[in-house]
Amino acid sequence: MTGATHAAPAAASGAAPSGPLAARAEILAFLVMAGLLAALPLTGLIYPYFLMQALCFAIFACAFNLLIGYVGLLSFGHAMFLGTGGYIAAHTAKVWGFPPELAILAGLAAAGAIGAVVGLLAIRRQGIYFAMTTLALSQMVYFVYLQAPFTHGEDGIQSVPQGRLFGLFDLSQQQTFYYVVLAVFLIAFLLIRRIVNSPFGDILKAIRENEPRAISLGYRTERYKLMAFVLSATLAGLAGSVKALVAQNASLTDVHWTMSGEVVLMCLVGGLGTIFGPVIGAVVIIAMQQYLAGFGQWVLVIQGVIFIACVLAFRRGIVGEIIAFAQWRSAEKR
Amino acid sequence: MQALYGQLVVGLINGSFYALLSLGLAVIFGMLNIINFAHGAFYMMGAFAAYFLLNWAGLGYWWALVLAPLMVGAVGVLVERTMLQWLTGLDHLYGLLLTFGLALVIQGVFQNEFGSSGLPYAIPAELRGAQNLGFMFLPNYRAWVIVFSLVVCLATWFVIERTKLGAYLRAATERPELVRAFGIDVPRMITLTYGFGVALAALAGVLAAPINQVRPLMGADFIIVVFAVVVIGGMGSIMGSIVTGFALGLIEGLTKYFYPEASSTVVFVIMAIVLLVKPNGLFGRTA
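Line by line, the protein sequences are chains A and B. Quick note, the first sequence lines up with residues 1 to 334 if you use the numbering used here. Quick note, the second sequence lines up with residues 1 to 287 if you use the numbering used here.
Keep in mind that the hints were calculated from the coordinates and are not lab data. Predicted model only: the values in this text are computed from it and were never measured. All C-beta atoms in this analysis are idealised placements derived from N, C-alpha and C, irrespective of residue type, glycine included. Watch out, some of these pointers could steer you wrong.
If you anchor each label on the Cβ, the simulated ranges turn out as follows [as the list claims (entries may be wrong)]:
| hint | chain 1 | residue 1 | chain 2 | residue 2 | range |
| --- | --- | --- | --- | --- | --- |
| 1 | B | F258 | A | H152 | 43 to 51 angstroms |
| 2 | A | L191 | B | W86 | 33 to 41 angstroms |
| 3 | B | N112 | A | L42 | 33 to 41 angstroms |
| 4 | A | I187 | B | T82 | 43 to 51 angstroms |
| 5 | B | W86 | A | A326 | 24 to 32 angstroms |
| 6 | B | Q213 | A | L102 | 24 to 32 angstroms |
| 7 | A | R329 | B | T82 | 32 to 40 angstroms |
Go ahead and model the full structure; you've got the sequences and the hints to work with.
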């Protein structure tokens, strides 16, 4: 556990507090989240399909937040990793007859490989140039998928078989599949938490706060940034692969740049740089899209308004505001 | 051969739009330190303003050329006063995110009103027809777009790099407090600069209206190519955006002739190569 790094309202982060107390609160929150997600489908109130979708996007948002929240890199092209994971998993499962675990692994590996190439190019620029570079490269990937024969262009890859995981779990059973997705989500979440709280994570945070100083301390910051980028891309690919099996299709919407914007919105609403923020943000945004679907294109307008409101008045996001409130309370008590 | 020249002209036309749009982005970035993600939406609004002026007020193309940039520029001024102003001093990323949200709102509203299909806008009577250049027919309107945008670009370059007003502008980007001490209203200059950059985008939209159809999403994917142009050119110099804009339009046109499959990605491929060789862009200042 690291010492108390003071929560400065830094660049693009809500800067979560650390220390033994916060760690205990985090573990408690994690257990509540896991219990709640495990119990929800049993209540019959919410469709398991919707929950699975929300969990896939939560993985995606957590992966994205690893970069923006802990390294301070705004990637505006993360849709390419989500989409790559989806297309490769869908193709290998459907055409090559891969079992689900191998299909997911293939999607994840492909996203990681593209992440390495894109990361190598993009980390040469910083700040908004980094954002524009990732955006442009992801648009290039979009055009490749639009024209490549195996993706079937506008139609996408349809009716992807779900198969049996490890030959044991029949994923066409929705209940079974839900708990598999939940397990994948919880593992990914804990992995990200582990990364963030490791010495490696501390170096990432140091780069976010002051890159020149990290360089002067002798760290090859480019390597750390690249590693974080590849990790984030791989996890985004995991989200895409699982999502393709859940939805049984892979299509261009997942690669289009509007999806990259959506994941930014999820993290912004939930709270950038907080570990639970992206999860809450993803659930809120996906729920909004689900329940406001009747408004058609107005959903986009509403999303835009939320974007503007978050940037102008609400930069810490839901979880960030809660943490700030808790800190304010404990400061009052003292 | 005819087809090659045709694609070159199309390339130059697209190049003029790239140049006008990346020039506006550069001007805005210089003063506000904001990547204006709503630029594509303002470009679309320029085209729609021309359409409204014609169909609701009966004012034709030449009026639109003047009035549409003024109208959309006024919207830009309003946006700067009510929203962007509050972001000064924050990380650049927030400006990008705010204008992204703004683009979603503007495009969403237009999509709700007009659907996704295009509205026609006729070429003005004075510019119909074509010139026979011996080796090809050059439509008058296309020639006009290329020449006119080149003139606007060079005029902007001249004002910023060679006049006193431009000197103030450039000084204010470096040392705003010092310029304010000379009695210049820097916040108003920032507001007007944003309005001007937005007006440039709207002007490109008016020029595009008779060529492309007027559609709510006409700027959405286009702007990402412009971002790639900006990364290639490096946003340090005004001339950089003009030269890179036209050059990339030409390269795109050539690709469309020789290897059409790659025409939509060639700009991004060039961006990747430039990033490998010169990370700061071709005309960029070394940071």
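The hints, checked one at a time:
1. B:F258 x A:H152: 43 to 51 angstroms: violated (27 angstroms)
2. A:L191 x B:W86: 33 to 41 angstroms: holds (37 angstroms)
3. B:N112 x A:L42: 33 to 41 angstroms: Given about 40 angstroms between the Cβ atoms, the range holds.
4. A:I187 x B:T82: 43 to 51 angstroms: This hint holds: roughly 45 angstroms between Cβ atoms.
5. B:W86 x A:A326: 24 to 32 angstroms: Distance hint for W86 (chain B), A326 (chain A) holds at roughly 26 angstroms.
6. B:Q213 x A:L102: 24 to 32 angstroms: violated (46 angstroms)
7. A:R329 x B:T82: 32 to 40 angstroms: holds (34 angstroms)
Consistency with the previously given hints fails for numbers 1, 6, ordered from lowest to highest.
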